[in-house]
Amino acid sequence: MAGKIVIDTERCKGCGLCVVVCPKNCIVISRHSNKNGYFPAQVTNADCTGCAMCAIICPDVVIEVYRDENIVPIEGSSKKTELTKERA
Amino acid sequence: MKTVFTRTPTLKDCPTHYCPGCGHGIAHRLIAETIDELGIRGRTIGIAPVGCAVLAYNYLDVDMVEVAHGRPPAVATGMKRTNPDKIIFSYQGDGDLAAIGTAEIIHAAHRGEQITVIFINNAVFGMTGGQMAPTTVLGQVTATTPQGRQTTSEGYPLQVSELLALLPGAIYVERCSVYNPAQIRKTKKAIKHAFELQVSGAQGLSLVEVLSPCPVYWRMTPVKAMEWIENEMTKVFPLGRLKG
Amino acid sequence: MSERILMCGNEALAEAAIIAGVDAYFGYPITPQNEIPAYMSRRMPEEGRVFVQSESELAAINMVFGASATGKRAMTTSSSPGISLMQEGISYLAGAELPAVVVNVMRGGPGLGNIAPSQGDYFQATRGGGHGDYRTIVFGPSSVQELVNCIPLAFDLADEYRMTVVVLADGILGQMMEPIVLEKKPRRKLPAKDWALTGAKDREQNIVRSLWLPEGALEKHNYKLKAKYEQVQKNEVICEQYEVDDAEIIVVAYGVAARIVRGAVNKAREEGIKVGWIRPVTLWPFPTEQISKAADELRIFLTVEMSCGQMVEDVKLAIAGKAPVVLYGRPGGSIPTVEEILDKIKQLTIPTKRAK
Numbered sequence: 001m002a003g004k005i006v007i008d009t010e011r012c013k014g015c016g017l018c019v020v021v022c023p024k025n026c027i028v029i030s031r032h033s034n035k036n037g038y039f040p041a042q043v044t045n046a047d048c049t050g051c052a053m054c055a056i057i058c059p060d061v062v063i064e065v066y067r068d069e070n071i072v073p074i075e076g077s078s079k080k081t082e083l084t085k086e087r088a
Numbered sequence: 001m002k003t004v005f006t007r008t009p010t011l012k013d014c015p016t017h018y019c020p021g022c023g024h025g026i027a028h029r030l031i032a033e034t035i036d037e038l039g040i041r042g043r044t045i046g047i048a049p050v051g052c053a054v055l056a057y058n059y060l061d062v063d064m065v066e067v068a069h070g071r072p073p074a075v076a077t078g079m080k081r082t083n084p085d086k087i088i089f090s091y092q093g094d095g096d097l098a099a100i101g102t103a104e105i106i107h108a109a110h111r112g113e114q115i116t117v118i119f120i121n122n123a124v125f126g127m128t129g130g131q132m133a134p135t136t137v138l139g140q141v142t143a144t145t146p147q148g149r150q151t152t153s154e155g156y157p158l159q160v161s162e163l164l165a166l167l168p169g170a171i172y173v174e175r176c177s178v179y180n181p182a183q184i185r186k187t188k189k190a191i192k193h194a195f196e197l198q199v200s201g202a203q204g205l206s207l208v209e210v211l212s213p214c215p216v217y218w219r220m221t222p223v224k225a226m227e228w229i230e231n232e233m234t235k236v237f238p239l240g241r242l243k244g
Numbered sequence: 001m002s003e004r005i006l007m008c009g010n011e012a013l014a015e016a017a018i019i020a021g022v023d024a025y026f027g028y029p030i031t032p033q034n035e036i037p038a039y040m041s042r043r044m045p046e047e048g049r050v051f052v053q054s055e056s057e058l059a060a061i062n063m064v065f066g067a068s069a070t071g072k073r074a075m076t077t078s079s080s081p082g083i084s085l086m087q088e089g090i091s092y093l094a095g096a097e098l099p100a101v102v103v104n105v106m107r108g109g110p111g112l113g114n115i116a117p118s119q120g121d122y123f124q125a126t127r128g129g130g131h132g133d134y135r136t137i138v139f140g141p142s143s144v145q146e147l148v149n150c151i152p153l154a155f156d157l158a159d160e161y162r163m164t165v166v167v168l169a170d171g172i173l174g175q176m177m178e179p180i181v182l183e184k185k186p187r188r189k190l191p192a193k194d195w196a197l198t199g200a201k202d203r204e205q206n207i208v209r210s211l212w213l214p215e216g217a218l219e220k221h222n223y224k225l226k227a228k229y230e231q232v233q234k235n236e237v238i239c240e241q242y243e244v245d246d247a248e249i250i251v252v253a254y255g256v257a258a259r260i261v262r263g264a265v266n267k268a269r270e271e272g273i274k275v276g277w278i279r280p281v282t283l284w285p286f287p288t289e290q291i292s293k294a295a296d297e298l299r300i301f302l303t304v305e306m307s308c309g310q311m312v313e314d315v316k317l318a319i320a321g322k323a324p325v326v327l328y329g330r331p332g333g334s335i336p337t338v339e340e341i342l343d344k345i346k347q348l349t350i351p352t353k354r355a356k
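Residue numbers (the working numbering), protein chains in the order written: chain P, 1 to 88; chain R, 1 to 244; chain S, 1 to 356.
It is possible that part of the hints are untrue.
So the derived list for chain S, only partly shown, Cβ under 7 Å to chain R, looks like this [claimed, not checked]: (1) V50; (2) Q53; (3) E55; (4) R162; (5) P214; (6) L218.
Covered stretches of chain P (in silico footprint by chain R; criterion: 3 or more residues with CB under 8 Å from a CB of chain R, positions within the stretch not fixed) [what the hints assert, rightly or not]: (7) 9-16; (8) 21-35; (9) 55-64.
Under the rule of at most 30 Å between Cα atoms (straight-line distance), these lysine-lysine pairs were calculated in the BS3-like manner [what the hints assert, rightly or not]: (10) S:K344 <-> R:K86; (11) R:K243 <-> P:K24; (12) R:K12 <-> S:K224; (13) R:K12 <-> S:K228; (14) R:K2 <-> R:K12; (15) R:K192 <-> S:K224.
I should point out that these hints are in silico values taken from the structure, not numbers from a laboratory.
No experiment lies behind these values; they were computed from the predicted model shown.
Here a beta-carbon is modelled for each residue, glycine too, at the ideal position from N, C-alpha and C.
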């Protein structure tokens with residue numbers, strides 16, 4: 001696991017942008033609502049590379065991103081990340 | 001583990017009132033990061049518009065003022081002229097800047113006021129319930145264009161950046177968007193450049209227009225709204241650096 | 001600069017503002033006050049200060065708002081139609097508790113009206129032409145010297161009470177040349193402007209605002225403003241009176257109208273008529289007590305105004321039915337003459353037909 005993210009699920013509004021923008025599909029919308037009644041994003045698998053795409057697009061800035069020191073980070077993948085995939 | 005991304009100090013650590021997927025939150029972050037990266041929090045004064053971002057001072061931890069609808073460029077003029085050493089930025093929506101405040105922005109640009117304007121274009125009036133804005137695109141259904149905007153009755157979407165780029169006093173005009181991380185990075189670069197111009201004392205106004213989603217009043221999911229910007233909105237409002 | 005010089009009212013008030021330390025002037029051309037922006041465009045840069053000709057009066061008042069929000073002394077001037085465009089800005093200045101000085105060199109109205117002197121903006125100035133519960137301090141000088149004197153006072157009051165101070169001159173006062181003395185007067189002890197936007201360096205952010213959304217918050221804010229206005233009413237009334245003690249008729253007038261009244265009263269006195277005058281200098285706060293006291297004895301009150309009668313309502317409020325109040329008003333930029341007012345005074349002396 002090259003990277004890790006921490007989502008403040010209480011403050012997330014479940015907009016879903018991070019879900020579709022993650023190149024490794026690490027994020028889904030939780031089935032449990034937070035105290036504000038939103039269904040927040042949550043991390044599911046360990047493929048995170050710490051690329052921070054999710055954090056960059058998060059309108060509420062609720063995602064912290066960490067990356068392993070020894071693994072060369074993928075600096076903003078050259079491939080244009082289209083938001084084609086629609087995740088329910 | 002190295003921290004790669006975290007909230008910048010000038011962006012207050014509190015929830016916002018913005019709707020899920022609203023672009024204001026992204027723009028606020030980019031401005032806050034710019035202010036911290038340029039180290040100018042102690043001499044920056046921001047102006048909040050009337051509109052969804054009227055509460056921007058609850059989120060941006062700098063000296064701020066909230067002014068009458070459409071008047072930020074005039075207020076900014078009064079501030080900058082009397083405080084040339086301060087960094088003055090005006091944060092406005094499309095109703096504030098392109099509707100009621102058209103005279104103010106045109107004249108601030110035409111006088112070459114040394115201020116930075118961040119213009120959030122989301123093609124509707126958000127705060128008041130999704131009415132048509134000057135930047136509403138043709139055919140777009142809003143609270144005041146139930147049949148979709150028609151040229152015969154509502155005229156054409158207003159391309160503010162092109163308009164202002166004609167004025168010699170506007171030294172930097174760029175239109176960008178937030179519909180994906182790459183675009184957001186470009187917007188950050190543009191905003192930072194606009195602030196850097198003011199910090200360097202460049203003679204003239206810098207304006208960054210940001211195409212931003214309003215999922216609620218476009219009646220779309222946040223993801224669809226971003227796609228609508230990419231596929232539709234940029235046809236009417238072409239991205240790019242128009243000047244400087 | 002304490003020797004007497006000849007200056008027109010418009011330029012005199014501008015120089016007085018410079019002496020009072022105005023940091024920024026924002027204005028827009030409109031007759032009959034064009035001399036002010038012209039004068040300021042020459043003098044302010046000489047003093048290393050800010051002059052901007054704005055794109056409209058509406059922009060001008062918002063530039064004042066901006067400069068004032070950063071703690072600077074800011075001022076704008078205009079004439080009636082332009083002042084109407086500033087009403088939104090003045091309401092915001094009141095809500096945000098920002099100091100400002102606004103001079104209205106009144107002209108005939110309504111609408112485009114004419115460019116002759118008038119007092120038709122009394123209601124707008126004293127009741128507020130903008131939205132919401134707010135007040136502005138209003139001066140009604142009646143000579144170029146008095147116009148010059150009230151400018152530094154206006155800036156001090158604006159800073160002390162964090163309010164807008166309106167100075168009501170008119171076409172005559174603005175254009176008329178009179179010998180005046182321009183002196184730098186010591187400022188009052190004024191509170192520090194720690195609320196001002198100067199950049200949140202080593203301190204919490206300052207916010208200048210007028211939006212109070214939470215329930216009850218704006219009510220609380222309104223009561224705070226009200227308490228402030230009551231202080232002004234208690235401390236800052238200025239009013240002049242002449243030959244009131246034995247007077248049977250009292251003429252109430254302000255500004256240029258009061259000058260004409262002075263001539264008429266002197267003539268009437270020469271003809272043995274017991275008449276005096278009361279001249280409000282602050283139109284808000286209005287000298288209610290002085291006028292009410294003068295009405296404790298049975299007298300007839302004549303209000304002379306260059307309008308259809310606006311201040312007359314405040315006179316009636318002050319007198320509260322204790323004595324009759326008659327109006328002699330000439331609107332539309334017309335100027336009453338001494339003779340007309342003298343005739344009016346004489347009509348009031350004809351003993352009533354009823355009981356002797």
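(message) Interface hint check: S:Q53, Cβ to nearest Cβ on chain R, cutoff 7 Å. Holds or violated?
(response) violated, 9 Å
(request) Using Cβ atoms only, decide whether S:P214 comes closer than 7 Å to chain R, and label the hint accordingly. (result) Given a least distance of 12 Å, the restraint on S:P214 is violated.
(request) With a cut-off of 30 Å on the C-alpha distance, tell me whether R:K12 and S:K224 pass. (result) With Cα atoms ~29 Å apart, R:K12 and S:K224 stay inside 30 Å; holds.
(request) Could you check if S:E55 really has its C-beta closer than 7 Å to a C-beta on chain R? (result) This hint holds: S:E55 lies near chain R, its Cβ roughly 4 Å from the closest one there, short of 7 Å.
(message) For the restraint on S:R162, tell me whether the closest CB of chain R is nearer than 7 Å.
(response) With Cβ-Cβ at 14 Å, over 7 Å, it is violated.
(request) Decide if the proposed pair is consistent with the structure: R:K2 and R:K12, CA atoms, cutoff 30 Å inclusive. (result) Given that 30 Å is the threshold and the Cα spacing comes to 22 Å, the pair holds.
(request) Apply the coverage criterion to the segment 55-64 of chain P and chain R: a residue qualifies when its Cβ sits closer than 8 Å to a Cβ of the chain, and three qualifying residues are needed. (result) holds (count 9)
(request) Closer than 7 Å between Cβ atoms is the bar; does S:L218 clear it against chain R? Give me holds or violated. (result) Since the shortest Cβ distance to chain R is 14 Å, the answer is violated.
(request) Take the C-alpha atoms of S:K344 and R:K86, compute the straight-line distance between them, and say whether it is at most 30 Å. (result) Violated. S:K344 to R:K86 sits at ~60 Å, over the 30 Å cutoff.
(message) Does S:K228 sit within 30 Å of R:K12, going by the straight-line distance between their CA atoms?
(response) This hinted pair is violated, its Cα atoms lying about 33 Å apart.
(message) Given S:V50 as an interface hint, is its Cβ closer than 7 Å to any Cβ of chain R?
(response) Holds, about 4 Å.
(message) So if I understand the rule, the pair passes when the alpha-carbon distance is 30 Å or less; does R:K243 with P:K24 pass?
(response) It is violated: about 38 Å lies between the C-alpha atoms, which goes past 30 Å.
Violated hints, in rising order: 2, 4, 5, 6, 8, 10, 11, 13, 15; the structure is consistent with all others.
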